[in-house]
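S.K.: What follows is the residue order along each chain.
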Amino acid sequence: MDSILRATCMYIALLVVFRIAGRRSLGDLTTFDFVLLMIIGEATQQALLGEDFSFINSMMVIATLIVLDVGLSLAKLNSRRVAKLVDGHATLVVEHGRFLHGRMRRTRLTEEDILESARTNQGVERVEQIKFAIVERTGKISIIPQE
Amino acid sequence: MEEEELTSRHLPVEEDMPAQRRVWRFERVGWYALMLIVLLGLAGLFGNGPLSEATVRSADGRVAVDYKRVSRAGIREELRIRVQGTAGEPLTVLLGGSLVREASIETLQPEPLTSLSHGEALLLSLGTPVDGAATLYLTLRSEHIGPLEGTVRAGSGSTVRFTTFIYP
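Chains F and E, in that order, are what the protein sequence lines are.
Residue numbers for the first sequence follow our numbering, beginning at 1 and rising by one.
Residue numbers for the second sequence follow our numbering, beginning at 148 and rising by one.
Mixed in with the good hints there might be a few duds.
[As the list claims (entries may be wrong)] Listed next, with one range per pair, are the computed distances between beta-carbon atoms:
id : chain 1 : residue 1 : chain 2 : residue 2 : range
1  : E       : E150      : F       : M38       : 39 to 45 Å
2  : E       : S251      : F       : S58       : 21 to 27 Å
3  : E       : S251      : F       : R105      : 52 to 58 Å
4  : E       : R172      : F       : N121      : 27 to 33 Å
5  : F       : E128      : E       : L153      : 21 to 27 Å
6  : E       : I184      : F       : G123      : 41 to 47 Å
[As the list claims (entries may be wrong)] Some chain E residues close to chain F (C-beta under 10 Å, calculated; not the full set):
id : residue
7  : E161
8  : M164
9  : A166
10 : Q167
11 : R168
12 : V170
13 : R175
14 : G177
15 : A180
16 : A220
17 : P315
[Unchecked claim] Simulated pairs of lysine to aspartate or glutamate, DMTMM-like, Cα-Cα distance not exceeding 20 Å:
id : chain 1 : residue 1 : chain 2 : residue 2
18 : F       : K131      : E       : E152
19 : F       : K76       : E       : E162
20 : F       : K140      : E       : E161
21 : F       : K131      : E       : E161
22 : F       : K131      : F       : E116
23 : F       : K140      : F       : D87
24 : F       : K84       : F       : E136
25 : F       : K131      : F       : E95
26 : F       : K76       : E       : E161
27 : F       : K131      : E       : E151
28 : F       : K76       : F       : D87
29 : F       : K140      : F       : D33
30 : F       : K140      : F       : E95
31 : F       : K131      : F       : E111
32 : F       : K84       : E       : E161
33 : F       : K76       : F       : E136
34 : F       : K140      : F       : E116
35 : F       : K131      : F       : E147
36 : F       : K140      : E       : E162
37 : F       : K140      : F       : E111
38 : F       : K140      : F       : E125
39 : F       : K84       : F       : D69
40 : F       : K84       : E       : E174
To be clear, the hints were calculated from the coordinates, so they are not data collected in a lab.
For glycine and all other residues, C-beta sits at the position ideal for the given N, C-alpha and C.
Make a model of the complete structure from these sequences and hints.
M.R.: Dropping the structure here:
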């Protein structure tokens, strides 16, 4: 019983913390982000399992997490409100070759970040060549070049 | 931010700027909340820091207990009991409360001469210290979550009560 409650609390706590961290934080994983993520996983694991390293306990924790995760995706499927609450929204940051600086500041993006994404994904050099740049719900930056 | 940037676009994606601004506000407020939690953690609000340590004395000053106001489930905490008795007389200490029932006493130093059950409490006799003063060092560990109350009594008038809150 204990481990199910722990797993549930941890799931909700992590959901909230990663919503606070925002899309940008772990969207494009750098090596450092990856290490950070592993440390977070390590810290979580201790609290989830406690001192009980039995097979049953770990299966309970895994089952609880899967049930919650599938449940949440079903809830997102049925309700647009829940989906928006959990996943957030896509946001435009470049419109017809023009940076939207206020929005970029709120999403913690620099001009350099967007241009980097434009170069790697579309081979675009200048902001004037970008029709739209969108921060997706996953934190990735999509670039649509000018025709 | 400029008014123009705040209006929702419909192409190439359907935006909901009022909701997006709420998300941004949530991220900002949440960041401050996390920072507050970190600072409170440093101060010891969740155990293991200056805010969590406390000392309580009995009215006549003969019993003093150094304890932790807050602690966390599953970690070892120290408890120090100082008793001032009368020189040349045997000293007994009665340990009671939910702390004794719920937490397990991992170590008890020095070993008492006798350790008797007294209802649900523990009656420890510490022998006859030369100057009448004795100090007991205990390490406790609790899996119980919530407040735990401890009482320490030596003689008739010297009682100390304290509460420890155990976080999950």
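S.K.: Please go over all the hints and tell whether each is borne out by the structure.
M.R.: Evaluated hints:
1. E:E150 with F:M38: 39 to 45 Å: 43 Å, holds
2. E:S251 with F:S58: 21 to 27 Å: Given range 21 to 27 Å: holds, Cβ gap about 25 Å.
3. E:S251 with F:R105: 52 to 58 Å: Roughly 54 Å apart at Cβ, these two residues keep to the hinted range, so it holds.
4. E:R172 with F:N121: 27 to 33 Å: 30 Å, holds
5. F:E128 with E:L153: 21 to 27 Å: 24 Å, holds
6. E:I184 with F:G123: 41 to 47 Å: Because 44 Å falls inside the window, the suggested range holds.
7. E161: 8 Å, holds
8. M164: Holds, about 8 Å.
9. A166: OK, holds: A166 of chain E within 10 Å of chain F, min 6 Å.
10. Q167: 5 Å, holds
11. R168: 8 Å, holds
12. V170: With a closest approach of 6 Å, the V170 of chain E hint holds.
13. R175: 9 Å, holds
14. G177: It holds, given that the least Cβ distance between G177 of chain E and chain F is near 3 Å, below 10 Å.
15. A180: 8 Å, holds
16. A220: 9 Å, holds
17. P315: 8 Å, holds
18. F:K131 with E:E152: 16 Å, holds
19. F:K76 with E:E162: Roughly 18 Å separates the two Cα atoms, so the pair holds.
20. F:K140 with E:E161: 17 Å, holds
21. F:K131 with E:E161: 16 Å, holds
22. F:K131 with F:E116: 15 Å, holds
23. F:K140 with F:D87: 13 Å, holds
24. F:K84 with F:E136: 12 Å, holds
25. F:K131 with F:E95: Distance of about 6 Å is within 20 Å: holds.
26. F:K76 with E:E161: OK: K76 of chain F and E161 of chain E at ~17 Å, within 20 Å.
27. F:K131 with E:E151: Holds: K131 of chain F and E151 of chain E sit about 17 Å apart, inside 20 Å.
28. F:K76 with F:D87: Status holds; Cα separation ~9 Å.
29. F:K140 with F:D33: 14 Å, holds
30. F:K140 with F:E95: Holds, at roughly 17 Å.
31. F:K131 with F:E111: Holds, at roughly 15 Å.
32. F:K84 with E:E161: 12 Å, holds
33. F:K76 with F:E136: 17 Å, holds
34. F:K140 with F:E116: Roughly 12 Å between the alpha carbons, so the hint for K140 of chain F and E116 of chain F holds.
35. F:K131 with F:E147: Given that 20 Å is the threshold and the Cα spacing comes to 8 Å, the pair holds.
36. F:K140 with E:E162: With a Cα-Cα distance of about 16 Å, the restraint between K140 of chain F and E162 of chain E holds, given a limit of 20 Å.
37. F:K140 with F:E111: Holds - the C-alpha atoms of E111 of chain F and K140 of chain F are around 15 Å apart, at most 20 Å.
38. F:K140 with F:E125: 19 Å, holds
39. F:K84 with F:D69: 16 Å, holds
40. F:K84 with E:E174: 15 Å, holds
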